[in-house]
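Using the sequences and the hints given, assemble the complete structure.
Protein chains in written order, with my numbering: chain L, 1 to 271; chain G, 1001 to 1353; chain Y, 2001 to 2266.
Don't read these hints as lab results, they were simulated from the structure. Keep in mind that this is a model prediction, so the values were computed, not measured. Heads up, a few of these hints could be off.
These stretches of chain L come out as covered by chain G in the derived footprint (C-beta under 8 Å, 3 or more residues) [claimed, not checked]:
| # | region |
| --- | --- |
| 1 | 165-171 |
| 2 | 185-195 |
Each pair of labels, with its calculated beta carbon distance range [unchecked claim]:
| # | chain 1 | residue 1 | chain 2 | residue 2 | range |
| --- | --- | --- | --- | --- | --- |
| 3 | G | Gly1143 | L | Val10 | 31 to 39 Å |
| 4 | Y | Lys2174 | L | Thr233 | 17 to 25 Å |
| 5 | G | Gly1111 | L | Val252 | 34 to 42 Å |
| 6 | L | Thr233 | Y | Gly2133 | 34 to 42 Å |
| 7 | L | Val90 | G | Gly1058 | 41 to 49 Å |
| 8 | G | Lys1184 | L | Val250 | 58 to 66 Å |
| 9 | L | Val51 | G | Gly1111 | 48 to 56 Å |
| 10 | L | Val253 | G | Arg1115 | 37 to 45 Å |
| 11 | L | Val250 | Y | Thr2139 | 48 to 56 Å |
| 12 | G | Arg1115 | L | Val250 | 43 to 51 Å |
| 13 | Y | Lys2174 | L | Pro28 | 35 to 43 Å |
| 14 | L | Val125 | Y | Val2173 | 26 to 34 Å |
Heads up, the beta-carbon is just placed ideally off N, CA and C, and yes, glycines get one too.
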Amino acid sequence: MKRTATLAGVPRWVAVIALAGAIFILLPLVAVINRVDWPQFIPLISSESSVAALLLSLRTAVASTVLCIVFGVPIAIVLARTTFAGQRFVRSLVLLPLVLPPVVGGIALLYTFGRRGLLGQTFDVLGIPIAFSTTAVVLAQTFVAIPFLILSLEGALRTAGTRYEAVAATLGARPTTVLFRVTIPLVLPALISGAILSFARALGEFGATLTFAGSLQGVTRTLPLEIYLRLETNPDAAVALSLVLVAVAVFVVGLAYRASAVPTARARVAS
Amino acid sequence: MTFAIDASLAERDFRVSLEVGTGETVAVLGPNGAGKSTLLSIIAGLLRPDFGRAELDGSLLFDIAASPRDGTRRRYLQPHARGVSLLAQDPLLFPHLTVLENVAFGPRSSGSPRRDARSAADRWLAAVDASEFASRHPAELSGGQAQRVAVARALAAEPGLLLLDEPMAALDVAAAPALRKTLKRVLAHRSALIVTHELLDALVLADRVIVMEHGRIVESGPTRQVFERPRTRFAAELAGLVLLTGVKTVDGLLTSGGVDIRVAGSDVPSGTAAAVALRPSVVMVSRERPRHPSLTVIEGCITDLEPRGDVIRVRSEELAADISPATVADLDLTNDDPVWFSFEAAETTIYPL
Amino acid sequence: MTQIRKLALLVVGAALVAGLAACSSATPATSTSPKGTAAPKLTGSITVYGAASLTATFTELATEFEAANPGVTVQTAFNGSSVLVTQIQGGAPADVFASADTANMTKLMTANLVTDTPVDFATNVLEIAVPTGNPARITTFADLAKPGVKTVVCAPAVPCGAATLAIETATGVKLTPVSEETAVTGVLSKVQTGEADAGLVYVTDVKGAAGKVVGITFPESSKAVNTYPIAALKASANPKTAAAFVAFVTSSAGQKVLAAAGFGKP
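What follows is the structure, given as C-alpha cells:
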C-alpha cells in the first residue's frame, strides 16, 4: 500500500531501470558472500596478517579523516565564502584527486614527499621519514579522500548562505566565534557525511598507497593491499577479507546516514 | 547625537547623510530599490561604502577618504565590533540553538560568563513575553513568536543602535499587532532605525521619518508632520493623500502642470514653493465639467481603477478620488477615459515646501 | 606432484634435445621452421596469456610469429601468473598460457585444462637492483641486511618473493625489508624512483628497465632459479595454431628473443 503511494508520479520504466541498476550494484556483493568459505571464515579473517591489516586500515583511515577535516573544512570555507582571481581554477585543482587514477596520485605524491621528491628532503631533515611509513599511507589516503569532504561541505555552505553569519556578526560575534558557533553547526550534517565519505574512500584506498607507501605488514599493508596479496595465494582468504571490508564500509555508511538524518529531520520541521 | 553617517556607494548610486539622536527611533521609508537596505547594510558593516564616515556613541565605525591620496583617513570597524544589531524580515534564529541560547548568543559573544548571559537572556525573553519558549527550538515556534525572540536576541546584545529591516513584513496579519506592541515598548528611549512600508508602523514606532528615493534622502521630519504635510509623492501615497505641488498664488496654488487650485485662507507667502494635500475621499469625479464656482476643477485621464474596500480609487496622472462602485458603474469609467476631478477649497491644506 | 615434476623434467630434457637438434642444423632452416611445418594450414587468431615478466619478450614473439605466419593474429594479455590462472579457471578465452613458475602451471594441470605436458622454455634468477649512483653502496647480498639500508622485496606470497625467501634461507642472511610488494614491478618502481636503496628483482627486469636502475648480480641467486613453463590450453578453439606458438617459443628463434631479454636457458 505504502509503496504504491510513494511510487505515484514516477514513470514505471524509471522504476524498472532503477531496479536493474540496483541489482547491478548489489549482485557482486551477493556473489562475494556466496563465495565465502563459511566454516573457515573466522580462522581466515583472524590470522595475524589479516588482523594487522584491518587494524592498520582503521587507524590510517581515522587519521586521514582527521586530516581531511583539518584541511578540507578551511578549503571549503574559502571556496564557498570568498571570491578571488582564479577561484574556479583552484577549485578544479583541489578536486583533481577525484578524477585522477589513484596510481597517478601515488606517483605525484612520490615526487612530492618521496626521498628525491620536492619536499622529501625537508621532511628528512625534520626527522620525519615518510617513505615506507604509515605516514605515507595516511598521506595517500588523505590525498584521494579530501575532495569528498570539500565537495560535500562547499555545497552545504553555499546552500546555507551567509545570512545567519551576518546576523551573528551584528550580535557581536567575532569571525572565529561565528565559524564555530554558527557556520559549522549549520553545515554539521554535510560535514559528517563528507567526513564519512572521506573515511570510506580512505578505507578503500589501494592504488596510491601501493605506489607511494609500499606494502609491509602492520606498517603500510592496509586491508585492500592484504586482499590483493592474498588473491595470489589464498583466494578464500581474499574473499573473506573482502567481506570484512564490505561489512565495515556498510557499517560506516549506515552510521553516516544516522548521524546526518537527525539534524535534517529538525530542519525539515523548520521549513 | 548618538549616531551620524555620511556615506557613498557609487555601485548602487547611494549617497546618504543622516543623524539619529539619543533615544530616537527613525523610520526609513521609500519605494523598493530606494537604498533602504543598503543603508542598513552599510551601518551594520555588511557592505563597505566607497567613502564616508560613521560614528556611534563617540566611536568611529568607519572613516574612508573620498580620494585615495588622503590615504591616512582609513578606518573600518568589522560588524562584530560596532555595537549595531540587525533585525531582519526573517527572524533567522539559529536553528541548532534553543530559544534561550539564541538570545544568550550576543552576551556570550561579547565575553559574558555563561551564567550572566543566561540571566540576561531570561530578562530579554520576559521583556518580549517569550519566556515560555526558552527551551524550545526555533523550528517549534510560529512566525510571530520567532520574530519576538529575534527582537529579544537583538536587544540582548545591548546595541548602541538597533536596525530593523521590515520586521513585520513576513508576519501574517494576526501576528503583526502583537509584535508592533512589543516593539513600541522596547524601542522607547532607544536609538533605532526601522525600515518599513507601513504607515502604522511609522506612526506607532517612529519619532521621525526619512523618505529615500534613488539612493538619496528626499524627505525628513517628525513623523506626524511628514504624514500630514508630505513633501514627496511617496510619503503622500503612504499617508493616503493626494499631493499637488507648485507655486503659491494670491488665492491658491499654481501647479507645475499649469492648473490653478483655489485654496482657503493661508499664511504661505505668494510666490514661494508650496504644496496642497487632500484626501481622495473628498475628490469627486464627473463626465461633465462641474460649474460650481467654489470647486477646483482639474481634467485628467484615468490611469487606474483600484478597488479599496468599499470604494474604488480612480487615479489620473496627478490626482486620485475614492468613489463608490455604483458611481463608477453609472459613469461607465474605464482606463484612458477623460474625466473631471473636482474638490472644495475648504478641503485642502496648503503648506510651504 | 613428483610425478608431474618427473614428467616436466622429461619434457625439459626432450625440449633440450630438440633444441640441440635444431641448433645443429643450418641456421636458415631453423628460422623458417615454424613456417615450414605449419604455414599452409595456420589461420585464425589465438590469445596468449603470459606472466607479467614476459610482457616485452612475448609481445615481440607474437609479432614475429605473426610475421612468419601471415593470416594469424596473436592477442596477448599479461598479468601476475596467479591472476591469469584464476581467469583461465573462470573461463577466460585463452589458447596458450606461459607461467612464471611451475606452481601456477600445476594448478591448471590439476584442473585438467592443459592439452599436453607443459614445456619449460626459460629460467630467471634474481638480481639486486639499485638506483643509479648506488647511494647505499650495495655490492653483495649481505649488504641488503645492513642497518639503514632501505630494501624492498616481493611479498613471499608472489613468486619473486618466494625466490627471495629461498635465498635468505639458503644463505642465512635475514632481510628486514621496508616493503614487501605484491608485484615485482612495485619493487622496480620503488628502486627506480630512489625511494628504496635496493630491491630484489629478476635479471630480466633490470634489463627491461634499460638503464634506469643498476643491476648487481650475486652468486647466491643460483639458490632460487625460477622456471617458466608454457602450454596450450584444452579450451582453445584453434589448437593447431596454439601448439605452433608453443613450438615457436621453444624454437631457437624464440629462445634468441628470450636470451636477449636476459632469460636463462631452461
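Numbers of the earlier hints that this structure fails to satisfy, in rising order: Result: no hint breaks.
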